[in-house]
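Q: If you want the building blocks of each chain, they are given just below.
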Amino acid sequence: MRKQERDNILRCLNCSERMEIPLKAKQFTCPKCKMEYYIGWRDGQAKILGSVDKEGVEDAAKE
Amino acid sequence: MPLKSKIAIIDLSNNKITQEPIPERMRRHYLGGRGIGAHLIYNHVEPKTDPLGPGNALVVSAGFLTGTVAPAAARTHIGCKSPLTNGFGSSNVGGFFGPELKFAGFEHLVIKGASEKPVYLWVHDGEIEIRDATHLWGKDTFETPQIIQEELDDEEIKVACIGLAGENLVKLANFRTGPKNSAGRTGTGCIAGSKRLKAIAVRGHQDLKLAYPKEALQYAKQAVDQIMSTKVAKAMSVDGTSFIWNVTNTIGLLEFYNGQVNKFKDWQKLTIEAFDEKYKAGMAGCFNCTVHCRHQFRIKDGPWAGTFGEGPEYNTQTALGSFGADNWETLLVGWHLANKYGIDTTGWSNDVRGVMELYQRGIIDKEVTGGLDLSWENANQIIPILLEQTAKKEGIGAIIGQGSLGIIKEFSKYSRDVEYYILHVKGLGKLGNVDRAQPSFALGIATSTRGADHLRSRPALDHYHLPEEVLRKLYGGPVSSDFRSYEGKARMVRWHELTYAVVDCLGTCKFQTVFFSPNLPAYKEWRKYLRYITGLEFTEEELFDIGERVYTLERMFNYREAGFTRKDDRVPERCIKEPLKYGLPAIRGAHIDREKFEKLLDEYYELHGWDKENGLPLPETLKRLELDKEPSHLITESQSA
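Residue numbers (the working numbering), protein chains in the order written: chain V, 1 to 63; chain Z, 1 to 641.
I should point out that these hints are in silico values taken from the structure, not numbers from a laboratory.
Residues from chain Z that keep clear of chain V, each with C-beta distances beyond 10 angstroms, as calculated: (1) K6; (2) T18; (3) L152; (4) K209; (5) Y212; (6) Q218; (7) M228; (8) A281; (9) P384; (10) E394; (11) E525; (12) E537; (13) F538; (14) G563; (15) G589; (16) L607.
Simulated pairs of lysine to any residue, SDA-like, Cα-Cα distance not exceeding 20 angstroms: (17) Z:K231 to V:L10; (18) Z:K581 to V:V52; (19) Z:K265 to V:V52; (20) V:K24 to Z:D276; (21) V:K24 to V:N8; (22) Z:K231 to V:D43; (23) V:K54 to Z:P585; (24) Z:K231 to V:E17.
To give an idea of the interface, some chain Z residues facing chain V are shown, with a C-beta separation under 7 angstroms as derived from the structure: (25) V238; (26) N246; (27) T250; (28) K265; (29) W267; (30) H465; (31) A586.
Here a beta-carbon is modelled for each residue, glycine too, at the ideal position from N, C-alpha and C.
Could you build all of it, start to finish, from the sequences and the hints given here?
A: Structure below.
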């Protein structure tokens, strides 16, 4: 149980807040800075795939 | 036992081969691998020699623990005077070549002179033969090992070889030891080509007897358990080193379009998950590795159907994915061709990005490119063409293959701005990491003894949100846990430089050390490996001193050969002048502050015991490290600087 909990914990890449990801969640929003992430799962381990920060990505697309 | 492995001096000019034992003093001062390699390079490369001349030496060094039961003890260091930087050439490679070299009775091969005709070395059970390689000249790096294995009738022979790029003296040429394994950086393949050395084949049956077999095996198992219990080992077992890419791209720490953009708009197409869906064929590992981070891929359809290989890894993704190519197939084909021809993907990608920006800005046009459209939108089409041109020294590829300094020299006639757009440090192109948001990374590439490089010091522990007391304990002083901060980062970079030098001396995989996590093996564990496997006792301080000695000697080689001093410890101007525009809010606007960076350099030199004016070792530092006893002119040169 303890290991599983650890595998569900990620840190927000923007503000470092601890994020507890519900099992199988595909998106998650940081409770502190509200940054929204796409989440993937690697053998039961949560991982950040990308961010839903339209602003950053869309800006880059204009280059 | 490992202590009995030898040094072989091979002079290709007169076919003379001598063998020497490794003196105990050399072992205690430099351990093995990159350390003894650096000592041999310093002493066997003729001062101020032309890198492509017979006075250069190519030194192949297995680590002290390579081939033993120590986890992932698979590494080989290949060094020389670099044709790209004129300074210390150095590249580290995994796979199975180094262990086999040890089983054949050798730890270091010093290859000097130059042959008149193509040759390869056949190293087997204490013997070395120089054999004709005329029939191998022109063969690629996939064919060459097969031909040698067939003619020597042993498919277990391990082969390191160069491809077309090395034969053609392309400065970006690498030396390859396996399907995924390349000693890629600093042009080692070019130096092999200049000596007409096509390959080194090794096979050995000698037993590396352990000093304390029972304890060594027990401890190796314990170390494997320690490694495999970490989150990072689990991530690498599934995603390889590519597990980093999603995180760095999400933050905005990857450079695209030559650093003009720091987040990829079509990121979903280049994730490792997208790769897995269509191309993944399995995972493989290096010698005695339990992590198995090496992807295998197969292209199933289209013009490249049937192509099989090993990779990608983070480096491939970052380097070949930086042109704006929006599909994995382009990256995999580029990777396959770079491997086939024997070209360093990191340096090549950096230099091509720069040339493409020159084209974007109208500094060069189709007349210069030989009719090629080098616009970013055309990335998918031009990567294979440019790789072939580079290997064959044709068209604009002939200029790209000369590396950053060659490109600047050739194209500066068109604009004074060329140097700004070709990103390099000391002549070596950089990986497409964003260094300008991370002072520790910036200092690391600026001061690296082989030019711009993310592996010499890669100080990433300030990305892991560790409590500052953990960092203080590890580094011996205060270090900010904020990767954007300058506080304590000189201390951090120096610690990683010396620590990774020790890792490269031991010959274990960096990815299974403190490189990725403070919970992975470091000094405490290395002492035990050394004791149980070799019978030699080292204190943690002695090991750290060895790292410092190796790093300092490399620094001195750079001064002796290329005149590198503080003025050369720079980051590309773009890192200073252009704040980041994209990525998460935490890093937008970040850039390197020139004044703070200079202060960081002052702190860094002080910690190293180098003078602040020139960044050269002080006489008392050389004395403390016993480098004043090197049979050379270290102190004289340093004092006269």
